[in-house]
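**Student:** Model the full assembly from the supplied sequences, consistent with the hints where possible.
Number of protein chains: 2
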Amino acid sequence: MYSPLIEQLISALRILPGVGPKSAQRMALQLLERDRQGALALAGALEQAAEHVRQCTRCRLLTEKPLCDLCEKTDRDDSKLCIAETPADVFALEQSGNYNGRYFVLLGKLSPIDGIGPSELGIDLLMQRLADEPIEEVIIATNLTMEGEATAFYIAERVKPLGIQVTRIAHGVPSGGELEYTDGGTIAHALLSRREI
Amino acid sequence: MYSPLIEQLISALRILPGVGPKSAQRMALQLLERDRQGALALAGALEQAAEHVRQCTRCRLLTEKPLCDLCEKTDRDDSKLCIAETPADVFALEQSGNYNGRYFVLLGKLSPIDGIGPSELGIDLLMQRLADEPIEEVIIATNLTMEGEATAFYIAERVKPLGIQVTRIAHGVPSGGELEYTDGGTIAHALLSRREI
Chain A
1 MYSPLIEQLI
11 SALRILPGVG
21 PKSAQRMALQ
31 LLERDRQGAL
41 ALAGALEQAA
51 EHVRQCTRCR
61 LLTEKPLCDL
71 CEKTDRDDSK
81 LCIAETPADV
91 FALEQSGNYN
101 GRYFVLLGKL
111 SPIDGIGPSE
121 LGIDLLMQRL
131 ADEPIEEVII
141 ATNLTMEGEA
151 TAFYIAERVK
161 PLGIQVTRIA
171 HGVPSGGELE
181 YTDGGTIAHA
191 LLSRREI
Chain B
1 MYSPLIEQLI
11 SALRILPGVG
21 PKSAQRMALQ
31 LLERDRQGAL
41 ALAGALEQAA
51 EHVRQCTRCR
61 LLTEKPLCDL
71 CEKTDRDDSK
81 LCIAETPADV
91 FALEQSGNYN
101 GRYFVLLGKL
111 SPIDGIGPSE
121 LGIDLLMQRL
131 ADEPIEEVII
141 ATNLTMEGEA
151 TAFYIAERVK
161 PLGIQVTRIA
171 HGVPSGGELE
181 YTDGGTIAHA
191 LLSRREI
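In order, the protein sequences belong to chains A and B.
For the first sequence, my numbering assigns the number 1 to the initial residue and increments by one for each residue that follows.
For the second sequence, my numbering assigns the number 1 to the initial residue and increments by one for each residue that follows.
Pairs count within a copy or across copies, as identical chains cannot be separated in the list.
Capping the alpha-carbon separation at 25 Å, the derived lysine to any residue pairs in SDA-like fashion look like this:
1) K22 to N143
2) K22 to A41
3) K22 to S11
4) K22 to D35
5) K65 to R34
6) K65 to E85
7) K22 to L40
8) K73 to E133
9) K22 to R34
10) K65 to D124
11) K65 to Q8
12) K22 to E51
13) K22 to R36
14) K22 to Q37
15) K73 to A88
Read the hints as simulated data drawn from the structure, not as lab findings.
**Tutor:** Below you can see the structure in the form of structure tokens.
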């Protein structure tokens, strides 16, 4: 019942994650009723980003330059390489302020059912970096899901023969978490990874 | 920490209703990682809609033509005019399948604090239509909020002197609703508007 251009906008908005038919309708109408300038600005930002943003040639973070800001920095520890699934994960690791090494972003995780294998995750580029750079420790920070664990295991198997130390970030009860409300899998990890104090 | 074009996209996405910093980040990264075609399509749809969609010159519904589809239809009852706040409300009324008259869309409600008065709601155009068209009943379907009620009252006061019947849609317990879980305001309305059976 909306006009063709509005219907087209509503269906285009549905590609955004978490946006269903009702929210897409609300977004389209609100933009058209109240914020045309914002709509045009968003259109421009989408176009520019979609055309110019590429992967960093060294760590696969998204950037419009050949090398991303993190790779360009000269004050980072070149002997440590942290492997994460997504740019958002790298962002979270940076926010914690506890890591000063380099990164490698997989942009996914091993998932044969979706056709995602080692080449989609840039494992060749990773092996090339391990050969070229003075990396002494690889820290695997993939998520604690079945695919994340499989990816971590696969990478560990590939990296260990090079004589490079491979570590995995710890999994356990989160800070501020209470045992009573923590799921069994997390508690199992917390028990298995216990340390002397 | 993201590159400038990505930061620009994240902040542009925040103009969408209900999208905060975290969702905007997720949307931007997902589009760039997985759906560039979709991002470009969305940019095009936004641009086209923002540039070409205007208000229908008769009922103020959003459309890219001078007259909207509903106004162009010849099989509607010209003696009834339903006044709604937004295009989404008109959509809901149409979906109910119980109304065959014409519409007028306010695109808002009286709200002096936001600078929205009669002229922003197109009341002049409404009065012009009432003078030009054979309208016998005006059905006010603004929402049951303070501003919606004030708007309904204002329009009723303007229309009644013309000798046109003014009605308000009924408010009460929704179909399928249970009294136990219905708020007091709604129950008060349901009691006041009770009818003999």
